[in-house]
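Enquirer: If you want the building blocks of each chain, they are given just below.
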Amino acid sequence: EAQVTQNPRYLITVTGKKLTVTCSQNMNHEYMSWYRQDPGLGLRQIYYSMNVEVTDKGDVPEGYKVSRKEKRNFPLILESPSPNQTSLYFCASGHSGRAGGTQYFGPGTRLLVL
Amino acid sequence: GQQVMQIPQYQHVQEGEDFTTYCNSSTTLSNIQWYKQRPGGHPVFLIQLVKSGEVKKQKRLTFQFGEAKKNSSLHITATQTTDVGTYFCAGGRNSGGYQKVTFGIGTKLQVIP
Numbered sequence: 001e002a003q004v005t006q007n008p009r010y011l012i013t014v015t016g017k018k019l020t021v022t023c024s025q026n027m028n029h030e031y032m033s034w035y036r037q038d039p040g041l042g043l044r045q046i047y048y049s050m051n052v053e054v055t056d057k058g059d060v061p062e063g064y065k066v067s068r069k070e071k072r073n074f075p076l077i078l079e080s081p082s083p084n085q086t087s088l089y090f091c092a093s094g095h096s097g098r099a100g101g102t103q104y105f106g107p108g109t110r111l112l113v114l
Numbered sequence: 001g002q003q004v005m006q007i008p009q010y011q012h013v014q015e016g017e018d019f020t021t022y023c024n025s026s027t028t029l030s031n032i033q034w035y036k037q038r039p040g041g042h043p044v045f046l047i048q049l050v051k052s053g054e055v056k057k058q059k060r061l062t063f064q065f066g067e068a069k070k071n072s073s074l075h076i077t078a079t080q081t082t083d084v085g086t087y088f089c090a091g092g093r094n095s096g097g098y099q100k101v102t103f104g105i106g107t108k109l110q111v112i113p
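Chains as they are written, first to last, in our numbering: chain E, 1 to 114; chain F, 1 to 113.
Derived from the structure by calculation, the hints contain no laboratory data.
These numbers come from a predicted model, not from an experiment.
A hint or two may mislead.
[What the hints assert, rightly or not] Derived pair list, reagent style DSBU-like, types lysine-lysine, alpha-carbon separation capped at 30 Å:
| no. | chain 1 | residue 1 | chain 2 | residue 2 |
| --- | --- | --- | --- | --- |
| 1 | E | Lys57 | E | Lys71 |
| 2 | E | Lys57 | F | Lys70 |
| 3 | E | Lys57 | F | Lys108 |
Start from the sequences, fold in the hints, and give me the full structure.
Expert: Laid out in structure tokens, this is it:
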């Protein structure tokens, strides 16, 4: 089954404790992206990746890191989480390029930073 | 940077009434996509529009892309309770050979039975 998976789905942590949210897709998509969703702010892009070893900042990259060592995986790293990073996070993948960029979203990771 | 404005942010309708959400971009788009997110779920792709003035239909849903490729709308005829959710537009523009996508804030639709 074609899908985007994220782990963990729910996470409670404390300020400053490094964490990683994993994202994996099995559709051989070049493009992968991370979003955060907050009430009243919609979906805001954190980072995206056009292909292996190619990443770029989205609209709200501060406090986050990503890596794209393999095509299928795109982990999101919070080196020192803070309470303002409490949010619902979505990973998405799709085909990049001029033809268009339909994105397939993972189920989401709900993060609470105390 | 590119901005995609979406209105209204919330809409309550009686079941059977029509519903429309609008998106407006500050820059010309290559394409626009629409997604639906059910309560507690994740965004799910509905459709993509690419051509100027394009109109596409999916059963009771009608999607339009403006002539200038800067605005779009989603119209639902005779809403049903299954239409409840948040509808997002996402404007795509080509940047360095790849596509950059910016999402609107979303319109949360509530259908009263």
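Enquirer: Could you run down the list of hints and mark each one as holding or not?
Expert: A quick look at each hint next to the structure:
| no. | hint | result |
| --- | --- | --- |
| 1 | E/Lys57 to E/Lys71 | holds, 18 Å |
| 2 | E/Lys57 to F/Lys70 | holds, 24 Å |
| 3 | E/Lys57 to F/Lys108 | holds, 28 Å |
When the structure is compared with the earlier hints, no violation turns up for any of them.
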